[in-house]
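Given the coordinates of chain A, work out where chain B should sit on it, guided by the hints.
Number of protein chains: 2
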Amino acid sequence: MKWDRPILTDSGGFQVFSLAKIRKITSEGAIFQSEIDGSRITLTPEKAIDAQFVIGSDIMMVLDECTPYPCTYEYAKKSLTMTIDWARRSKKHFEMIVKKKKLSEKNRPLIFGIVQGSVFKDLREEAVAELVKIGFDGYAIGGVAVGENMNQIDEIVCWTTELLPKDKPRYLMGVGKPEEIVRSVHVGVDMFDCVIPTREARHGRLYVRTKKRVAEKKFYDVLNIKNATFRDDMRPVDKYCVCLLCTQFTRSYLRHLFSTNEGLGLRLASLHNLNFYLRMMEELRKE
Amino acid sequence: MKWDRPILTDSGGFQVFSLAKIRKITSEGAIFQSEIDGSRITLTPEKAIDAQFVIGSDIMMVLDECTPYPCTYEYAKKSLTMTIDWARRSKKHFEMIVKKKKLSEKNRPLIFGIVQGSVFKDLREEAVAELVKIGFDGYAIGGVAVGENMNQIDEIVCWTTELLPKDKPRYLMGVGKPEEIVRSVHVGVDMFDCVIPTREARHGRLYVRTKKRVAEKKFYDVLNIKNATFRDDMRPVDKYCVCLLCTQFTRSYLRHLFSTNEGLGLRLASLHNLNFYLRMMEELRKE
Chain A
158 MKWDRPILTD
168 SGGFQVFSLA
178 KIRKITSEGA
188 IFQSEIDGSR
198 ITLTPEKAID
208 AQFVIGSDIM
218 MVLDECTPYP
228 CTYEYAKKSL
238 TMTIDWARRS
248 KKHFEMIVKK
258 KKLSEKNRPL
268 IFGIVQGSVF
278 KDLREEAVAE
288 LVKIGFDGYA
298 IGGVAVGENM
308 NQIDEIVCWT
318 TELLPKDKPR
328 YLMGVGKPEE
338 IVRSVHVGVD
348 MFDCVIPTRE
358 ARHGRLYVRT
368 KKRVAEKKFY
378 DVLNIKNATF
388 RDDMRPVDKY
398 CVCLLCTQFT
408 RSYLRHLFST
418 NEGLGLRLAS
428 LHNLNFYLRM
438 MEELRKE
Chain B
158 MKWDRPILTD
168 SGGFQVFSLA
178 KIRKITSEGA
188 IFQSEIDGSR
198 ITLTPEKAID
208 AQFVIGSDIM
218 MVLDECTPYP
228 CTYEYAKKSL
238 TMTIDWARRS
248 KKHFEMIVKK
258 KKLSEKNRPL
268 IFGIVQGSVF
278 KDLREEAVAE
288 LVKIGFDGYA
298 IGGVAVGENM
308 NQIDEIVCWT
318 TELLPKDKPR
328 YLMGVGKPEE
338 IVRSVHVGVD
348 MFDCVIPTRE
358 ARHGRLYVRT
368 KKRVAEKKFY
378 DVLNIKNATF
388 RDDMRPVDKY
398 CVCLLCTQFT
408 RSYLRHLFST
418 NEGLGLRLAS
428 LHNLNFYLRM
438 MEELRKE
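If you read the protein sequences in the order shown, they are chains A and B. Mapped onto this note's numbering, the consecutive letters of the first sequence carry residue numbers 158 to 444. Mapped onto this note's numbering, the consecutive letters of the second sequence carry residue numbers 158 to 444.
Here chain A stands alone, though its shape is the one from the complex (with noise of 0.2 Å):
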């Protein structure tokens, strides 16, 4: 991959979710049938934690469950045991291969917990208190955005940031459009991961800013760039942006890539968009 700068890698936590038709769960771990041979994949913590090793992650996850939405009482309560369990298990294994390797302090990879708990707050407040009990460099808010809406997104996180320890970052998983980006560092996130920007990039869909601050409403709007209106728009996706895209090329020969399906557009509206976000983010930190 040649990637120098640092990584972050999930834990295969959120395929026991997305791939629930090819797998079981036992307390051991997630077993996976391959969609090609058929045969038998077991995740276990101990394991999704050596194949971060093998990536060369710098900041890891535990093996967690992400569960389904909506999801029973019962069910949530019985998972979120297992992923406590797991998270156990996890940070056991972590510490092991640590002192096996002697990584300094210094030099070791980073380990997050998840938070589970579904949308009851009593599940997501023993989630936190007994991760917190093992004790992790930082503390991701897992099982949203996998359903609910947006008012029970921001609830969750507002539950679980209150009770997370101010010194170590919280990570919201999945996470988000650029308004939900916005509320959740309002109410403590300091951490996203998400496909938005680049898979709206991919589909013609352009962020742009307007003349409004972050914390306002409607700070941006989306440019659809398929849209015959730019076929002849000689101006710059946008003006003040400083992205390869925006330096270089007009709306119209964007449009055009686009229309004649040539891999440069998606690459072009991908690195916009995350400019995007980027140039967000730093707003956001100076707030």
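Don't take every hint at face value.
Note that identical chains are pooled: a pair holds if it fits in a single copy or bridges any two copies.
[Stated by the list, open to error] Taking lysine-lysine and the BS3-like style, the derived pairs with C-alpha atoms no more than 27 Å apart in a straight line are: (1) K323 x K334; (2) K159 x K383; (3) K159 x K396; (4) K204 x K325; (5) K334 x K259; (6) K325 x K159.
Just so you know, these hints were derived from the structure itself, not from any lab.
What follows is chain B alone, placed relative to chain A:
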């Protein structure tokens, strides 16, 4: 487009061939019917030159009819008469614009005539004689690689290169595979254009040099990166190649990019095959 290096453009003559179903040819030019709204677009020799000036081309082609294969002698002869007439009109229009724009001999673009005449020797000879009379900066050999076998192409190329002026570049349009390029250079061709290196790359077929020189048989192998055999192959595609792909990534990683439909795979493979072609041409120039 922001391409700041030399640009060579075709005139639309190939589309007179490839879009045969939706066009009519008259002595004035080719009339295309728009696939989108059925509207008619007339491409004349003059308009083809105008368009190439708009693009900012450095090497322009005259409008011609690229005859289909097979093609009767009568059709080819009649078509050639028109192609020569179009070449004359193209040159005249080109000179008028150069004068109007006050471009010096050093700063003006170049204009190439295109030799047609299908597979008929006397027509090819007539084409060369007439085009040389008009006078061009270089001469393209057109109407090949549209269905003939390689022996026929070789024959046409040999007839034509023998007659073309020795002090002007010869450009074989639409050719070709590495060995076809080598053979054509050996009979006096200087320039080529072809989709093969990039199209093959996008299909996962990568050229790798053997230890043979380009003048020898089997001077390259084709590696189909999608093959299962490369799944764990940690070697570069070509260990002697200096391209981005070969200096940074393994066969296994490239195969992974193709398996998961990552756009980066297409890009790296294209860069590699283009590098292979550039090195091949370098070696041919040294011979």
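Comparing the hints with the structure gives:
1. K323 x K334: within (25 Å within a copy, 64 Å between copies)
2. K159 x K383: between (33 Å within a copy, 21 Å between copies)
3. K159 x K396: Between copies, since 17 Å is at most 27 Å while 33 Å is not.
4. K204 x K325: within (25 Å within a copy, 67 Å between copies)
5. K334 x K259: So K334 and K259 fail the 27 Å test inside a copy (41 Å) and across (54 Å) alike.
6. K325 x K159: Classified as neither; 29 Å inside a copy, 46 Å across copies.
Hints 5, 6 from the earlier list are contradicted by this structure; the remaining hints agree with it.
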